[in-house]
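K.L.:
One-letter residues, chain by chain:
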Amino acid sequence: MLKQCTEIWELVDKKRPLVHCITNYVTVNDVANILLSAGASPAMIDHPEEAEGFAALASALYVNLGTLSQQQQAGIMVACKTTAANNIPVILDPVACGVVPFRVQVMKQMRQYAPLTLIKGNTAEIKSLAGEETRAQGVDSLDSGEGMEQICMNLARQESTIIASTGPTDVITDGRRCALVKNGTPLFEKITGAGCMVGGVTAACIGAAPEEPWLATITGLLAFTLAGERAAADADNRPGAFHLHLFDHLYTLKKEDLLKEARVEWL
Amino acid sequence: MLKQCTEIWELVDKKRPLVHCITNYVTVNDVANILLSAGASPAMIDHPEEAEGFAALASALYVNLGTLSQQQQAGIMVACKTTAANNIPVILDPVACGVVPFRVQVMKQMRQYAPLTLIKGNTAEIKSLAGEETRAQGVDSLDSGEGMEQICMNLARQESTIIASTGPTDVITDGRRCALVKNGTPLFEKITGAGCMVGGVTAACIGAAPEEPWLATITGLLAFTLAGERAAADADNRPGAFHLHLFDHLYTLKKEDLLKEARVEWL
Amino acid sequence: MLKQCTEIWELVDKKRPLVHCITNYVTVNDVANILLSAGASPAMIDHPEEAEGFAALASALYVNLGTLSQQQQAGIMVACKTTAANNIPVILDPVACGVVPFRVQVMKQMRQYAPLTLIKGNTAEIKSLAGEETRAQGVDSLDSGEGMEQICMNLARQESTIIASTGPTDVITDGRRCALVKNGTPLFEKITGAGCMVGGVTAACIGAAPEEPWLATITGLLAFTLAGERAAADADNRPGAFHLHLFDHLYTLKKEDLLKEARVEWL
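As given, the protein sequences belong to chains W, X and B, one line each in that order.
Using the numbering used here, you'd call the opening residue of the first sequence number 244 and step up by one each time.
Using the numbering used here, you'd call the opening residue of the second sequence number 244 and step up by one each time.
Using the numbering used here, you'd call the opening residue of the third sequence number 244 and step up by one each time.
To be clear, the hints were calculated from the coordinates, so they are not data collected in a lab.
Only a predicted model underlies this, so the values are computations on that prediction, with no experimental measurement involved.
C-beta atoms are modelled at their ideal positions from N, C-alpha and C, and glycine is treated no differently.
Any given hint might turn out to be false.
Stated by the list, open to error - Pairs of lysine to aspartate or glutamate residues, derived as EDC-like cross-links and limited to a Cα-Cα distance of at most 20 Å, are as follows:
(1) W:Lys351 with B:Glu292
(2) B:Lys246 with B:Asp500
(3) W:Lys258 with X:Glu432
(4) X:Lys257 with B:Glu432
(5) X:Lys497 with B:Asp479
(6) B:Lys258 with W:Asp383
(7) X:Lys258 with B:Asp383
(8) X:Lys351 with W:Glu292
(9) W:Lys497 with X:Asp479
(10) X:Lys257 with B:Asp383
(11) X:Lys258 with B:Glu432
(12) B:Lys257 with W:Glu432
(13) W:Lys257 with X:Asp383
(14) B:Lys497 with W:Asp479
(15) W:Lys257 with X:Glu432
(16) B:Lys258 with W:Glu432
(17) B:Lys257 with W:Asp383
(18) W:Lys258 with X:Asp383
Unchecked claim - Which stretches of chain X does chain B cover? Using the computed rule of at least three CB atoms under 8 Å from a CB of chain B, they are:
(19) 267-275
(20) 291-299
(21) 491-504
Please construct the entire structure, taking both the sequences and the accompanying hints into account.
P.N.:
What follows is the structure, given as structure tokens:
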């Protein structure tokens with residue numbers, strides 16, 4: 244299955260999927276640049292008058308609730324209507340949904356318009372969606388990842404969507420199959436936007452291989468965390484340098500690198 | 244004429260023009276930093292209550308429709324009223340106007356309040372404004388630049404404004420005179436915001452030399468693309484490093500460098 | 244007193260204060276990253292539905308008026324109500340308040356809901372709040388810092404808040420005690436966001452030591468300007484490189500570095 248992932252990674256570069264992003268203004272520049280580094284074509288469009296028509300052109304819609312505005316809320320809903328009518332995958336990052344209950348309402352509102360292909364969050368976000376007790380500080384999870392496989396599988400079945408829970412070990416499941424990605428670096432927590440960027444990259448992979456969304460999600464997490472490992476090796480524990488190298492290493496990451504350096508466990 | 248351009252470049256540093264920007268939230272930080280690197284003084288102000296009074300203080304108004312918000316739309320209109328009353332040049336970047344028809348409406352609305360000094364877009368954007376068939380993917384042009392000189396000259400006459408079309412070769416015309424700028428690097432397509440940044444830099448040049456807007460536009464494109472060439476030489480095909488070096492090379496770019504390294508063709 | 248400052252700096256890393264930021268979209272990514280480099284936990288939340296509940300969880304609220312939106316204006320007011328009810332410190336950066344009079348109205352409106360712990364601005368902003376004549380260009384001060392000690396002390400008494408005025412010499416006073424911080428580098432003026440970032444860092448310090456807000460403000464200014472000096476030493480007068488190194492040097496800045504390299508004058 245790892246081999247299929249490496250092929251999906253190559254497809255991103257070949258197909259250059261257009262990823263329509265409605266995302267937070269804190270890390271939007273990083274999301275656009277990481278999508279370019281991945282080989283995808285990013286477009287950030289949330290004005291309701293624009294989002295409706297635009298979403299029909301996209302290979303995937305990435306929605307991140309990090310700094311929701313009233314305009315984005317309206318834009319998300321019209322974009323979801325369009326994606327549903329055109330069978331375009333929707334990827335949701337419900338940032339801080341455990342701490343900001345309003346975002347759960349927005350998520351429920353979205354699902355009235357479109358099914359979700361993937362919900363990606365950190366441990367605290369996914370646990371809170373699953374109704375588990377959790378510990379978060381603002382947008383950051385303070386939670387251990389213990390027992391996450393089962394929590395994610397149950398949530399995936401209940402919500403009929405792929406669930407990806409990120410942390411030292413990433414858990415990715417469609418409710419039937421489950422994979423663990425063990426690549427990564429603690430430096431991801433020293434910069435803002437790692438979660439947003441990986442959300443964008445998985446959206447690009449799903450956009451390139453919409454018939455294999457579970458494998459595409461794993462591909463996105465693998466490619467991004469592996470680029471992170473390589474960036475960390477160059478960065479000598481400096482978060483600014485790490486941030487910069489991340490784009491460069493994702494840009495140069497090849498199929499063969501994934502094959503050689505991936506640490507995935509297939510459950 | 245190249246000599247005049249180098250003098251305009253020096254004027255930016257000397258006069259430190261205040262550039263009022265109403266621009267997208269994806270690349271706004273890059274636009275502010277590149278304006279500082281150019282020697283200008285950026286101010287990003289779009290609240291309608293603020294934009295009206297503020298625009299009167301500026302040397303130029305730079306409007307970029309990349310992520311239009313309802314607030315920006317209102318801010319643009321009051322700012323345009325102010326610039327018209329005070330004879331302040333207005334520079335427009337109609338990002339993705341061929342793909343997002345709403346932006347053409349906004350552009351028409353702007354022109355009811357103020358004349359435009361310059362419209363700067365990529366090949367696909369300019370062609371779509373000219374009513375030509377075009378190929379774009381999201382915010383990116385997939386179009387060849389063939390025949391652009393004539394298309395730009397016609398559009399410039401029809402719209403009574405300078406037209407700058409960017410691509411491997413940049414075309415800059417006021418409908419009468421036409422110049423081609425051949426500096427640049429393919430790495431510009433690997434980062435987000437190159438178009439927004441060069442829009443800001445041309446606005447700074449026009450703000451510093453409002454009596455010579457055509458030459459000032461050429462100056463901005465020359466300075467930015469030349470800084471890009473130098474950054475690419477340092478970046479070894481890494482987009483993150485390229486992005487960083489861009490600010491440094493524009494900051495240190497001197498009059499003499501322009502004179503020596505510019506590749507302009509005067510038609 | 245310098246020793247107390249170094250202890251506050253250590254506390255930021257130990258307590259990891261949650262800083263709720265309502266700040267401008269130009270430099271918001273830098274503010275989030277510099278807070279992470281300082282050891283704090285940033286959260287950018289301005290939707291009125293979200294800000295009210297969220298502010299109650301924070302150690303400090305940082306409000307920056309750099310690109311005020313109508314949504315932010317509403318979010319600021321509900322957040323201020325919450326902080327007042329929960330005794331949470333509020334730090335205000337009234338960006339360009341001398342040039343954009345609307346922001347003074349917003350500031351007055353804020354103070355109907357919550358007392359301010361600190362107002363931090365550049366020389367021109369603080370002078371304009373004090374009713375002095377001043378010279379600014381857009382968001383930048385062109386003013387000399389002459390006589391600022393007295394101006395700041397009077398303003399602090401009148402407004403019952405700490406005042407920090409930044410410039411080549413920073414002045415920090417609670418109306419009774421006054422300190423001058425002489426660390427820094429001219430490169431701060433060559434990037435956007437230095438003022439916003441230092442505002443965030445002082446908010447983190449106040450969040451970590453709310454019982455000593457004056458010393459905490461000095462700590463924030465010291466740490467940030469010292470990191471700037473070190474970044475400048477590495478950057479060889481290149482603003483892009485300086486920007487990058489800033490995060491790395493703040494991240495590695497230790498208690499002992501502050502003790503050794505601080506240039507503070509206690510008046």
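K.L.:
Would you mind marking each hint as holding or not holding in the structure?
P.N.:
Here is how each hint holds up against the structure:
1. W:Lys351 with B:Glu292: holds (16 Å)
2. B:Lys246 with B:Asp500: holds (11 Å)
3. W:Lys258 with X:Glu432: The given pair, whose Cα atoms are some 16 Å apart, holds under the 20 Å limit.
4. X:Lys257 with B:Glu432: holds (16 Å)
5. X:Lys497 with B:Asp479: Roughly 17 Å separates the two Cα atoms, so the pair holds.
6. B:Lys258 with W:Asp383: Given that 20 Å is the threshold and the Cα spacing comes to 14 Å, the pair holds.
7. X:Lys258 with B:Asp383: Holds, because 14 Å separates the two Cα atoms, which is no more than 20 Å.
8. X:Lys351 with W:Glu292: With Cα atoms ~16 Å apart, Lys351 of chain X and Glu292 of chain W stay inside 20 Å; holds.
9. W:Lys497 with X:Asp479: Given that 20 Å is the threshold and the Cα spacing comes to 17 Å, the pair holds.
10. X:Lys257 with B:Asp383: Holds: Lys257 of chain X and Asp383 of chain B sit about 16 Å apart, inside 20 Å.
11. X:Lys258 with B:Glu432: holds (16 Å)
12. B:Lys257 with W:Glu432: The given pair, whose Cα atoms are some 16 Å apart, holds under the 20 Å limit.
13. W:Lys257 with X:Asp383: Satisfied, since the Cα-Cα distance of roughly 16 Å is no more than 20 Å.
14. B:Lys497 with W:Asp479: With Cα atoms ~17 Å apart, Lys497 of chain B and Asp479 of chain W stay inside 20 Å; holds.
15. W:Lys257 with X:Glu432: holds (16 Å)
16. B:Lys258 with W:Glu432: Holds. Lys258 of chain B to Glu432 of chain W sits at ~16 Å (cutoff 20 Å).
17. B:Lys257 with W:Asp383: Holds, because 16 Å separates the two Cα atoms, which is no more than 20 Å.
18. W:Lys258 with X:Asp383: Distance ~14 Å between Lys258 of chain W and Asp383 of chain X Cα, so the pair holds.
19. 267-275: holds (count 4)
20. 291-299: The restraint on the region 291-299 of chain X holds, since 4 of its residues have a Cβ under 8 Å from chain B and three suffice.
21. 491-504: Answer holds; 3 residues pass the 8 Å Cβ test.
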